[in-house]
Amino acid sequence: MRALLALLLLLAVLPAHAHKPSDSYLAVRVEGADLSGQWDIALRDLDFAVGLDDSGDGDINWGEVKAHHSDIAAYALARLKLRSGGADCPARATEFLVDDHSDGAYSVMRFSARCPSEVTTLEISYSLFADLDPQHKGLLRLEHGAGTRTAIFSPERATQSFELARISSLTQLVDYGREGVWHIWIGFDHILFLLSLLLPAVLVREAARWQAVGRFPPAFWDVFKIVTSFTVAHSITLSLAALGVISLPSRLVESAIATSVVLAALNNVFPLVHGRRWMVAFAFGLIHGFGFASVLRDLGLPQGALLIALVGFNLGVEVGQLAIVSAFLPLAYGLRTTWFYRRLVFIGGSLVISVVAGIWLVERAFNMKIISP
Amino acid sequence: MIPWTTPTRTTRTSIIGTFTDWLGALTIALFALVAQAAPYVPEDDAVVLEHLPVRPNDPIARELRRLRADLAADPNDLDTALELARRYFDLAGSEGDPRYVGYAEAALRPWWNLPDLPIEARVMRAILNQYSHDFNGAMKDLDTATREDPKNALAWSWRAAIHMVQADYTAARIDCDSLKAIDAEFAIGCTAYLDGTTGKAAVAYRAFSAALARDAKASPSVRVWVLTRLAELSIRQGNPKRAEEHFRAAYLEPVNDQFLLGAYSDFLLDQGRSDEVVPLLVDWVKSDILLLRLAMAERALKAPKAHEHIEALRSRFDAAALRGDKLHQQEEARFNLYLLGNKEKAFALAHENWKLQREPRDARILLEAALAMKDPMAAQEGLAWLERSGHEDPGLRRTAEELKALKR
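Line order of the protein sequences matches chains A and B. So in our numbering, spot 112 of the first sequence is number 112, and the numbers just go up one at a time. Each number in our numbering comes from the position in the second sequence (counting from 1) with 373 added on.
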């Protein structure tokens, strides 16, 4: 049956790859002259290279991996050269973990490296397992600023250079500014709060009745005071929260924001506070600032450009607000004497706003869904 | 005036979605899926993280270690290098793990890029290259090998095998005939394999049965291989009952064989016997090709594990895409067609795969994807192959008829 034995070989064309081949996952983040990275390497491959199964029972346990962490670091880091401007950026392992990928367990090694000066072009030479398994590939994800790119290393492409585009501060400022504008535009709770305070700006309260203001300047200054104090207040808390000085639970913040909208709207229908609405705007603005901060946090704050991000985002929020105000004020001023404005928009609108915000309040406080988006 | 939508967290995260969309290419998203699970520190030293396929004290492992040590002492010792490469290649076949092919390649490193090299090394290089689907590179070496050494049975056998995969049956026939002068038994096996694919299943069946009967001392792995071929040939002849008997007999042999399990479970799936597939494959989730069949069976049975296994397959295909692999396209096409219901993607993959591999099961997924799209024109190449090869499989013939009916 020699013939059939030979034919068994034929079969090997058919099966191809029942398993995933050997890969490692390398993530490197560049910040100035500092590099930080995470390298996931399959335990099976490490076992072949440095020997992990000390007990010889065919199982690799955590104790065995731990005992070999310095071997793993020495072996792997000797096969990864990071260079910038012709100089080495020596790396050292900082932390060891484990992760389960779809094809088995991987050793996760975090490392940091320091280059002599700010990195503009990063050269990476990758030769892990090149002598043991030429089929092995290293999959790189390189992060710099807000940009991410990927590359594949193999023995044929063992050294690759990456030019890191300098992200100008202006670009960053504009990017975060755009996010700020976008956020105020889709953040209906902030818009409704502002509107609730602005609706009465073209009216004056006289003898327990709302009257239209006679001239434009008082209305304008009223609006100016409200918007400015709202802005100053939320800038304060936005900065404090973004910098991590104060932190409040988001459910509390979101519920408080909804409450602020309810109160501001109801105040138009059943006036308690008038004349000093800028103070209300300031007080509640402090709460809205925490709401903005959570968005900024979700966007990710660049460590190197924290201030730029903060200023950009804040300016964006102001620009968005100004756009709303400048559309609202002339319109409201023009309509201020009409029944339409005074009854329907002012009273009716305020009631609707308070109802909607009341529903938000219940939703947020009890974590349930009433209005579906 | 203002749309009454709630500014909940979900709307906010969607802004972040658009933000990353600007930044993220598809590969980056894939990277996130594949490589961005959550690393952890195991709670206890005794937690077992990985099972090695070969124990360090296993005789095979000891033998491999000895060969590696010998080769390390003298890296230019071709005989040791070839022996080690052969051992690793066998292991790649039985374990289905491509990294052993990399180990084999590493053993041959001093010879790997030489234009002139000993014939044995040349044939080995061809064998390893075809594994990565570099059929042209492999064929170049095999051409040279058969020219320089026309009596090299192994080189002719591999030529036949690659020509079969490429559906070049005329060339495969020449290869099988060339074997006749070298070794009659080799030629019989080669010819039977070719006949079985090209419309002479009955002849092939008789040849394999006779070969099996002639050798009472065949090793279990050889018996499994022949029995699996006999089962496939029985299916092609429209005799599922006999196919079942051969599959059962192969299954009872004392060796594990992924290809038997794959073929057997395909047979059971075709028969609507998904409940019998699950116990067959439940311990084989590490193998992509078998996990696919297991997930298909579980889906058919509405088993709770189906979802988990489909997600596992998805992440493995994502990982392969990230690596730039195109070796899984046939399986990925089946995954898309039967488990995700994505006909267009399934067809695109099956068609891409067809450019490289043209075996009956490659034709099957191509035709089935085209039928799912109700697009007989898309099936043109598969239908032409069926016509030309004369392949008998009743299932494939039925699919082809349905496609032709659409055309009318």
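For the record, the hints were derived by calculation from the structure and aren't laboratory data. Take these hints with a grain of salt, some might be off.
[To be verified] Taking CB as the label site, the calculated pair distances span:
1. B:Val658 / A:Arg110: 27 to 35 Å
2. A:Val319 / B:Asp418: 55 to 63 Å
3. B:Asp418 / A:Ala78: 21 to 29 Å
4. A:Asp59 / B:Gly768: 18 to 26 Å
We put the CB at the ideal spot given by N, CA and C, even for glycine.
These are the hints, each one checked on the structure:
Between B:Val658 and A:Arg110 the beta carbons are some 29 Å apart, a value that agrees with the proposed interval 27 to 35 Å. At about 57 Å, the beta-carbon gap between A:Val319 and B:Asp418 stays in the expected band of 55 to 63 Å. Between B:Asp418 and A:Ala78, the C-beta spacing of about 27 Å keeps the proposed range 21 to 29 Å intact. As the Cβ distance of A:Asp59 to B:Gly768 is approximately 43 Å, the hint placing it in 18 to 26 Å is violated.
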